[in-house]
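Trainee: Spelled out from the first residue to the last, the chains are:
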Amino acid sequence: MTTDIQHLIDKYFDGESSAEEEKVLRRYFTQEDLPEELKAYASLFRFLDDEATALAILNEIRSEEKRPVRRRLLSLRNLRTIAAVAATLLIAVLLLTRPDRKPALTGSYVWVDGKQITDPATVRKYAEASFGKIQPESDIIEDQLRFILE
Amino acid sequence: MKIKKTFFRLSILFLLLIISGVTAQAQENLRIHTVFEKYGKRKGATMVVLSGKALHNYQLDKYQSITLKYDRAILDEIQECLETDKKRAYQIKEVISNGIISSGYYQLPEEKNQTNRYILFKIGDDATATLIYMEGGKDSEELINRLFIRSD
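Going down the list, the protein sequences come from chains A and B.
If you number the first sequence the way our numbering does, the last residue is 150 and the count never jumps.
If you number the second sequence the way our numbering does, the last residue is 152 and the count never jumps.
Derived from the structure by calculation, the hints contain no laboratory data.
All clues given are correct.
Part of the chain B face toward chain A, derived, beta carbon under 7 angstroms: (1) K41; (2) K43; (3) L50; (4) T67; (5) K122; (6) G124; (7) I132.
Just so it is clear, CB atoms sit at the ideal spot from N, CA and C, and this is done for glycine as well.
If we strip away everything but chain A, and leave its shape as in the complex, we get (with noise of 0.2 angstroms):
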């Protein structure tokens, strides 16, 4: 076991360990009992395992900081929304309030040789008026059948 941690170990410092023999040497300098003769590299490579604990929980940062940017994405969402009820509004008051249309069917009032009367009791005089030149006179069909009858 030694002669293979020995193995591993010159490899290492050779450059030419890889990432799993690395995780081997480091899971092996973890432990309280080693020999003599290797004693000496258990500082370092238990700083190595430190360190990539340290960089476990720095990458699980990392991916924890990824959800603020969904949250983002959800508040993106949500702006479009408010923009869709904005618009949705703002059309909806440039129909009902366009420019060219006209307030003739809001309030009464009558026009009388282009002069504009607001005065309840005017408008109501000249509305019965109107209304009065358009009722029937008579029974036009009666008056026929009595005209055919004589």
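Once you have looked at the hints, place chain B on chain A.
Mentor: Relative to the frame of chain A, chain B by itself:
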């Protein structure tokens, strides 16, 4: 899913707003509107516009009338407008004298808005012509018939 629902609801809201905007222009779709627009504010014309409380007793939502002094050109224009609009009427009562409409009653349905529209026209003995446009709910029909159509 939630976003889709929101967009669906917004689309419905948008459509409703458009429909309300379109139905609010019921009269604008009729050709007689041009008569009110063109002559309503001119000298010699009397244009009455009623809406809101003033019409509650009549079950009407809108009332617009114009009385003009007799003028052949204007009268021809009104006749053309009536000829166009009466094509959409489901109830017509007319008196034609010397080839022109001397008095007319036209009831036009507004299916989408569940309202009735009425056009009334009469050439008076005092050398005036009066054109009336009214709009109201289903209840308005009985009242209008009672007021204007004595033969019923």
